[in-house]
Amino acid sequence: MIWTALQAELRRELTQMLRYPTELLSEALVTGIIFYGIFLGSSYMAGGSILGSRLSEIIVGYALWTLMLGAIGNMGWGISMEAQNGTLEQVCVGPLSLRAIFALRSLANLLYDLLLTAMALLLIIVLTGHRIDFSLLEIVPFILGIAVSIGIGYLVASVTVLVKRSNQFLNLLQFLLLFLVMTPFTDLKGPLRFIAVIVPAGPQMGVLRHLAIGQSRFPGEAMWLLLAVVNALLWTFAGYVAYGRVHELARSRGSLGHY
Amino acid sequence: MLLEVDHVAKRYRKRDGGEVPAVRDVSFTLESGRILAFLGPNGAGKTTTIKMIAGLVRMDGGDVRIEGRSIKGSGRVAIGRLGAVLEGSRNLYWRLTPLENIEYFAGIRGVPRARARERGMRLLRLCGLEGKAGETVQHLSRGMQQLVAICSALVHEPRILLLDEPTLGLDLDAADRIQAQVARLAREEGVGIVLTTHQMDVAEHLSDEVVLLREGAVVLHGLTQEVTRRLGGDSYRFELEREPGQEQLARLTGRGALFDSPRSFRLLLREPRDFYAVLRDIEPIGVLGAGRDTADLATVFRHYVGNGADGEVQP
Ligand SMILES: Nc1ncnc2c1ncn2[C@@H]1O[C@H](COP(=O)(O)OP(=O)(O)OP(=O)(O)O)[C@@H](O)[C@H]1O
Ligand SMILES: [Mg+2]
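Chains as they are written, first to last, in the working numbering: chain G, 1 to 259; chain X, 1001 to 1315.
Derived from the structure by calculation, the hints contain no laboratory data. Note that the coordinates shown come from a computational prediction; the quantities given were computed from them, not determined experimentally. Any given hint could turn out to be false.
[Said to hold, decoys possible] With a Cα cut of at most 27 angstroms, we get these calculated DSS-like pairs of lysine-lysine:
| no. | chain 1 | residue 1 | chain 2 | residue 2 |
| --- | --- | --- | --- | --- |
| 1 | G | K164 | X | K1132 |
| 2 | X | K1072 | G | K164 |
| 3 | X | K1132 | X | K1072 |
[Stated by the list, open to error] Residues of chain X placed beyond 12 angstroms of chain G at every Cβ, according to the derived structure:
| no. | residue |
| --- | --- |
| 4 | M1001 |
| 5 | R1024 |
| 6 | E1031 |
| 7 | Q1181 |
| 8 | E1239 |
| 9 | L1269 |
| 10 | P1272 |
| 11 | L1288 |
| 12 | R1292 |
| 13 | A1298 |
Virtual Cβ for every residue (Gly too), placed ideally from N, Cα, C.
Excised from the complex, chain X in its bound form (with noise of 0.2 angstroms):
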């Protein structure tokens, strides 16, 4: 197995004594060439389990093995086998250019220096890049930034890699790029990878695999096709005459309702005759249309996180 997280749990210690438990339980595996879309809302602990996995946050229990080897204690070859972006938006150093940034992560994770630039031009050209090669880093856009910093998570070539919320804050001309990217690394090279995103759009078109986390622990773990295909029986999309009052919408967003306009929603529903609920809900309003729909991950995703939705993940 390419990546086993093990039962990870991490707790901080605040400055004022109390403690923040960020991530309770956390496991999962990941094999070559699987792209795994790590999902939950703000503060669910995606990020510090990506660190955890990283060696930059130090777990309290569990572990992490990466090709069988753990990262504990003497884990420094297992960790020479990932590369990662983390958070932010300057993972770089500004003053080089992208080759030079690439050549020196190279260079300090053991890549003789031809080596470096060799891949490093070929990384640089599949990202479509070659012609910045020799541009300083700050005049680059957030896009092509973030591109060589993927560029320099890989010049290694690792056979993971951690991606925490590569498209956040980029156009949609740069997301796909990035998108593009992580699809050919796992599809041609390999490459395992674990990513975070809010962008459910990006999570469905990507990924292989889902987990779903909730307040440090994973509520969801699946396929992604058969997480939307079994949870798709379930799902409902209303259509509505008009707009939904205080009351009302707040009664559906507690069902876990999706709003894509003002007048128009998708659910999960638990049990067939709940649909009769929601219509109960929604009185007076008249109804254009019911019935059922596939759900797509944004619907799955609020299903399990929305506010008191699933009586069964409740903490």
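Only chain G is shown next, with the shape it has when bound in the complex (with noise of 0.2 angstroms):
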């Protein structure tokens, strides 16, 4: 049952996106533009010297920022948009949970993120000539990056339920993140330091951060890595709790459709 709905979701989901192409076609073209832009900045501000690594660092941080954008983009606007259609209640009569299936849509979304921005990353990489050395070590805390988005889509989806209309929230959302997963809180000195723990990917982002660099050894690599995957497993399981006691609130309230 799992795997059909799974492929029913990747369904839904291309389906709606090819049919208007053009849409497709904007968001791929302003990520394309995005990246290139910082390619251009990043080569004219370094020289070229140390381009390489400063470069995947800051390509790396976007691409785990789009993402968490479209787990926010779905599971807010997305949710919002459902409730107030109708399908959201469809949806929820049926041998799945509704938390089950917000699950399935998260992976399908991401699945489609990640391949869009593959593909603009792809291009920019054939049209500028650039090479960028992603180590395979990167894909670690890249996954774990990406496990805190779909804790995070969790949390979206309890505050869209909750109070449906979260336009504002939304948006001053995505700066936040932008901010949290750009700054570098391992950097951080003493206590502090517990910041980057339960910031959202904030090990992950270090890690990642003093691979770009070519420190493929530094201090406490084992630990942070180590806090990549406990911040990932917290940020997950936060938003799947939080998400099941919202849903019972909305039953209790009557307020899962549009009332």
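From the two separate chains plus the hints, produce the assembled complex.
Next comes the structure, spelled out in structure tokens:
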């Protein structure tokens, strides 16, 4: 059942995307242009020398942020629209819980967002002839970062189901996340470092940052990787539990739909 | 028993701290292949009850069992046995075609794609929509959208179908098509159907049983035919020479009179001698005709719901 449901989500997402190719194209174009801007900017500032390193850090950070944006979009605006249209309640009536379906939706969306980002990146690389070296090691913290975005997706879904119209909140959240993802909290000293552990994807970004500057060995590497796992679990779990609570509250208030 | 609704109750808590007792105490059962019309005035608690059965609203008390299994707790299996089309006009993904919608709803309910397509095409054909299978839903008429929503709710072959105001806002032709499908589902496929409606002719035409709700409680429950026949003996029809005045009108509607034209009405009498009371009410207007009549569901409805028409059903 999970499998047919995941297929259904993937197919629905793809069909809706392809039905309006201009939207898809403009989205891909914006991502491409931003990546291109990052390339130009960094090669201008660095004069080409440390390009490979700083650059991939920025790109990885930006990629992670766009994935989180995707999660916000789908779990925020997407759900709020479906609540108004009535499809949310229709989806709810069936053998799978809404929470399970949301997990599948997050996965489906992540997959497409990843694909889109990868394609934009590839295009830039081909066009500019630049090379960026991603090490295989970067994949681990990146995936742990994606896990965080699923958790954030659930949290956004929780807020949306509770208040329905959450536009300002979502707008704000986008930039808050950009700030959190791009700030090197792991470089903080002393007890303040604790912030890096709990900030969404904090340790993940720390590890990525170090890997990107070419330090495949850095102080506390194992510890930060472990903390990245903890961080990923923490956010996913928090989102999952929060959504469960909110769903019951909405059922109790009779406000799953548009009342 | 296919569906057992067992003393369900629901109070909504309002933002200001007050409470709305939307459903006080509702019980009924439904067997396969039967159609139950769930009637009641605005705010009687019909939608709330439907949503409690579908697990969308949490009940405060009572229980709902589907094929003997409670929907409470790990009730997803039980809820998987039902399909529902809820109030509202847009229960579909507007950017998708009817078939894509059906496939999607099938998928999230565990139906493999090939079977979903096959069954989806069959359902669309039965609704006369096979020609529209490839158009996006947003370009279909309201009636067609409603039919597609029903098909989407049926694709996993549920044993129970809940329909909240399925013919609301549809023209006669579209409403007829929906009614035909509902009847077919019950008769040919043995689906048990609960539907709410404000259109008494729809309820009378389709339903085997009626449950009449008022202020969150059941005031009448019976076979549609029996309800109308039993009360038929007390049903009278009056035809007047001219239209009654404000005051007379108020008295008559207070008794549950249902006007089918400005100068003629039907009502149910509690006792035969109330006939003379009605005559006093309309005095001095001339009476062109007065006599017994067969009751229709609308008259029955008015009798139980009309303002204070019946002392027994006062809360
Ligand atoms: N989510 C909610 N929160 C608070 N009150 C609600 C909610 N949903 C319904 N109500 C109230 O509960 C009562 C019953 O509403 P319900 O929608 O069940 O009635 P209904 O019989 O379906 O009416 P209608 O014929 O108008 O559709 C009404 O007074 C309504 O205002
Ligand atoms: Mg209603």
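So, going through the hints one by one against the coordinates:
As the CA atoms of K164 (chain G) and K1132 (chain X) are separated by approximately 33 angstroms, the hinted pair breaks the 27 angstroms bound. Straight-line distance between C-alpha atoms of K1072 (chain X) and K164 (chain G) comes to about 26 angstroms, which keeps the hinted pair within the 27 angstroms bound. Pair hint K1132 (chain X) plus K1072 (chain X) does not hold up; C-alpha atoms about 39 angstroms apart against a cutoff of 27 angstroms. Distance to chain G confirms M1001 (chain X) as a non-interface residue, since its nearest Cβ pair spans about 20 angstroms, more than 12 angstroms.
Separation of R1024 (chain X) from chain G is adequate, the least Cβ-Cβ distance of about 15 angstroms exceeding the 12 angstroms criterion. At the 12 angstroms boundary, the C-beta of E1031 (chain X) stays outside the reach of chain G, the nearest C-beta of that chain being 21 angstroms off. With a least beta-carbon separation of about 18 angstroms from chain G, Q1181 (chain X) lies farther than 12 angstroms from that chain, consistent with its non-interface assignment. Non-interface status of E1239 (chain X) relative to chain G is upheld: no Cβ of that chain comes within 12 angstroms, the nearest being about 44 angstroms off.
At the 12 angstroms boundary, the C-beta of L1269 (chain X) stays outside the reach of chain G, the nearest C-beta of that chain being 39 angstroms off. Against the 12 angstroms criterion, P1272 (chain X) stays outside the reach of chain G, whose nearest CB is about 45 angstroms from its own CB. Under the 12 angstroms C-beta cut-off, the non-interface status given to L1288 (chain X) relative to chain G holds; the minimum distance is some 48 angstroms. No Cβ of chain G comes within 12 angstroms of the Cβ of R1292 (chain X); the nearest lies about 44 angstroms off, and the non-interface call holds.
No Cβ of chain G comes within 12 angstroms of the Cβ of A1298 (chain X); the nearest lies about 29 angstroms off, and the non-interface call holds.
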